[in-house]
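Visitor: Take a look at the letters that make up each chain.
4 protein chains.
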Amino acid sequence: MTTSFDGALCDGGHRMQVRVFYEDTDFSSAVYHASYLRFMERGRTNFLRLLGTDQRGLFEDVKGEETGFAFVVRSMQIDFYKPAFMDDVLDIITNPKDVRGASITLLQQCKRGDVLLVEARVRVAFVAGGKPQRLPRFLRTAMQGGSDHH
Amino acid sequence: MTTSFDGALCDGGHRMQVRVFYEDTDFSSAVYHASYLRFMERGRTNFLRLLGTDQRGLFEDVKGEETGFAFVVRSMQIDFYKPAFMDDVLDIITNPKDVRGASITLLQQCKRGDVLLVEARVRVAFVAGGKPQRLPRFLRTAMQGGSDHH
Amino acid sequence: MTTSFDGALCDGGHRMQVRVFYEDTDFSSAVYHASYLRFMERGRTNFLRLLGTDQRGLFEDVKGEETGFAFVVRSMQIDFYKPAFMDDVLDIITNPKDVRGASITLLQQCKRGDVLLVEARVRVAFVAGGKPQRLPRFLRTAMQGGSDHH
Amino acid sequence: MTTSFDGALCDGGHRMQVRVFYEDTDFSSAVYHASYLRFMERGRTNFLRLLGTDQRGLFEDVKGEETGFAFVVRSMQIDFYKPAFMDDVLDIITNPKDVRGASITLLQQCKRGDVLLVEARVRVAFVAGGKPQRLPRFLRTAMQGGSDHH
Numbered sequence: 001m002t003t004s005f006d007g008a009l010c011d012g013g014h015r016m017q018v019r020v021f022y023e024d025t026d027f028s029s030a031v032y033h034a035s036y037l038r039f040m041e042r043g044r045t046n047f048l049r050l051l052g053t054d055q056r057g058l059f060e061d062v063k064g065e066e067t068g069f070a071f072v073v074r075s076m077q078i079d080f081y082k083p084a085f086m087d088d089v090l091d092i093i094t095n096p097k098d099v100r101g102a103s104i105t106l107l108q109q110c111k112r113g114d115v116l117l118v119e120a121r122v123r124v125a126f127v128a129g130g131k132p133q134r135l136p137r138f139l140r141t142a143m144q145g146g147s148d149h150h
Numbered sequence: 001m002t003t004s005f006d007g008a009l010c011d012g013g014h015r016m017q018v019r020v021f022y023e024d025t026d027f028s029s030a031v032y033h034a035s036y037l038r039f040m041e042r043g044r045t046n047f048l049r050l051l052g053t054d055q056r057g058l059f060e061d062v063k064g065e066e067t068g069f070a071f072v073v074r075s076m077q078i079d080f081y082k083p084a085f086m087d088d089v090l091d092i093i094t095n096p097k098d099v100r101g102a103s104i105t106l107l108q109q110c111k112r113g114d115v116l117l118v119e120a121r122v123r124v125a126f127v128a129g130g131k132p133q134r135l136p137r138f139l140r141t142a143m144q145g146g147s148d149h150h
Numbered sequence: 001m002t003t004s005f006d007g008a009l010c011d012g013g014h015r016m017q018v019r020v021f022y023e024d025t026d027f028s029s030a031v032y033h034a035s036y037l038r039f040m041e042r043g044r045t046n047f048l049r050l051l052g053t054d055q056r057g058l059f060e061d062v063k064g065e066e067t068g069f070a071f072v073v074r075s076m077q078i079d080f081y082k083p084a085f086m087d088d089v090l091d092i093i094t095n096p097k098d099v100r101g102a103s104i105t106l107l108q109q110c111k112r113g114d115v116l117l118v119e120a121r122v123r124v125a126f127v128a129g130g131k132p133q134r135l136p137r138f139l140r141t142a143m144q145g146g147s148d149h150h
Numbered sequence: 001m002t003t004s005f006d007g008a009l010c011d012g013g014h015r016m017q018v019r020v021f022y023e024d025t026d027f028s029s030a031v032y033h034a035s036y037l038r039f040m041e042r043g044r045t046n047f048l049r050l051l052g053t054d055q056r057g058l059f060e061d062v063k064g065e066e067t068g069f070a071f072v073v074r075s076m077q078i079d080f081y082k083p084a085f086m087d088d089v090l091d092i093i094t095n096p097k098d099v100r101g102a103s104i105t106l107l108q109q110c111k112r113g114d115v116l117l118v119e120a121r122v123r124v125a126f127v128a129g130g131k132p133q134r135l136p137r138f139l140r141t142a143m144q145g146g147s148d149h150h
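Chains as they are written, first to last, in the numbering used here: chain A, 1 to 150; chain B, 1 to 150; chain C, 1 to 150; chain D, 1 to 150.
Be careful, since some hints might not be right.
[Stated by the list, open to error] Taking CB as the label site, the calculated pair distances span:
| hint | chain 1 | residue 1 | chain 2 | residue 2 | range |
| --- | --- | --- | --- | --- | --- |
| 1 | A | F5 | B | D11 | 48 to 58 Å |
| 2 | B | K82 | D | F85 | 28 to 38 Å |
| 3 | D | L116 | A | F138 | 55 to 65 Å |
By construction, these hints were calculated from the structure, which means they are not laboratory data.
Backbone N, C-alpha and C define an ideal beta-carbon position, used for all residues, glycine too.
Can you make the complete structure from the sequences, with help from the hints?
Guide: Written as structure tokens, this is what we have:
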């Protein structure tokens with residue numbers, strides 16, 4: 001199988017694949033529940049990367065000038081429907097649902113083929129110096145194109 | 001500081017302390033968001049342990065006789081209010097909120113002193129062979145004593 | 001960038017790329033030292049996968065019939081030369097060095113471009129029911145082709 | 001069981017207990033090999049803490065004044081003798097073995113009761129701005145008291 005390393009933008013959102021390794025499982029033989037949050041964070045980071053946002057660069061600005069920016073997760077609503085297992089290849093699908101001035105709500109899904117395993121609504125805020133900031137216009141525009149709310 | 005290794009039962013719920021180590025943080029300098037799920041799972045596991053439930057034993061029964069039991073997280077609603085940092089000592093507080101036949105909803109809080117950092121409602125189901133099962137009576141009784149719903 | 005999802009066999013060994021995400025870093029701003037072990041395990045698992053070995057299948061045989069097999073790490077000698085950082089793309093390179101009847105020693109490297117960051121010698125044994133077993137001939141032959149020892 | 005939260009100094013070294021939780025295991029049913037590195041890092045951090053060293057404070061100095069200090073792992077030699085399992089209580093024992101000007105070699109053991117599961121020699125360096133630095137005298141003196149090399 002060949003796939004784009006960082007996934008791909010599609011339908012206003014992002015789609016990537018992850019492989020389940022030993023590190024993601026627990027002794028129940030299925031994937032550990034918090035591992036899905038790691039998979040979904042990879043999806044969000046790659047989505048932002050493909051939209052032109054460099055999180056490490058944003059953060060280094062924060063440290064250097066005290067005026068830089070970072071994304072933080074404010075809340076998540078997660079449903080765990082079915083388990084994933086070692087060696088599975090999962091699709092991590094990320095779509096903007098509600099784009100506001102200082103936060104974005106993303107709908108994220110983990111699927112194995114057509115089967116929905118885990119679904120989450122994730123509200124991400126954009127902060128500097130611990131305070132909420134307006135999202136950069138280019139990001140808001142890019143995400144609003146894919147959201148229900150524009 | 002001396003503390004009980006597995007935390008303690010109190011007010012119908014459970015309370016334990018965790019220390020934040022390198023492994024729990026990320027390059028933002030704060031605790032990685034999925035690490036709180038690991039802390040809360042430790043709280044749930046120790047709560048069940050102090051109520052007399054041995055999860056490894058339950059699970060081994062499952063594998064051996066196909067009639068054993070396991071707990072699985074069905075859904076979580078998490079709010080991340082404030083960050084924790086390296087070396088912090090956090091209180092992980094777990095209280096049953098809604099005890100039903102085959103699932104329990106727990107309210108879990110991560111606090112640093114009096115400051116609430118993270119709060120989650122976690123619905124845990126009791127399954128065998130992938131199917132929901134009634135909770136053992138002794139657990140339901142123990143947890144109903146501490147819940148709002150009895 | 002496009003790359004093969006599971007990496008590729010090359011020069012008798014295996015090569016794959018991993019992206020550094022939040023989950024891999026710690027508050028020092030670099031990659032957490034144990035994260036390199038996760039990267040190297042992904043390399044070993046994909047190497048075995050491309051050689052035709054299905055670790056989940058092997059393990060399920062173990063549970064079912066008590067005659068199946070699993071790979072376990074017996075020892076590692078690791079040098080951490082330079083740090084990796086958020087967003088880095090690393091090459092994980094795995095080469096068999098010493099293929100014996102019941103164990104394999106692999107040389108694994110994590111590089112960023114031409115820069116060697118971490119290097120490990122990893123001895124992996126092949127066990128069933130907790131006891132060392134002879135490696136399947138097809139694996140031994142495949143790995144001896146790439147090792148110094150044939 | 002009651003135990004000191006950060007473990008205790010003893011015989012020139014440090015000893016603490018850790019509980020094995022879901023997060024530490026993998027689908028093989030045993031503890032994931034890289035989890036032992038997390039346990040051993042907790043031991044090192046608590047050892048330094050009880051000797052009076054505040055790693056977060058050291059690191060914040062680094063960021064603020066470019067003259068602060070941090071500890072980094074340079075190399076590890078690890079033997080994995082026997083597996084640990086869910087719910088196990090492990091002793092993590094840390095002893096200085098070789099204390100030099102700019103680095104310390106620690107012998108770390110993970111035991112379950114009298115049974116040695118994992119043993120590692122870990123060389124830790126003391127750096128500032130990426131360059132090796134002499135260890136603070138108070139630490140060198142404290143650790144030499146417990147090492148073979150004084």
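Visitor: It remains to establish, for every hint, whether it holds in the given structure.
Guide: Checked hints:
For the pair F5(A) and D11(B), the beta carbons lie near 50 Å from each other, so the given range of 48 to 58 Å is met. For the pair K82(B) and F85(D), the beta carbons lie near 35 Å from each other, so the given range of 28 to 38 Å is met. For L116(D) and F138(A), the Cβ-Cβ distance of about 57 Å falls inside the hinted range of 55 to 65 Å, so the restraint holds.
Of the numbered hints stated above, none is contradicted by the structure.
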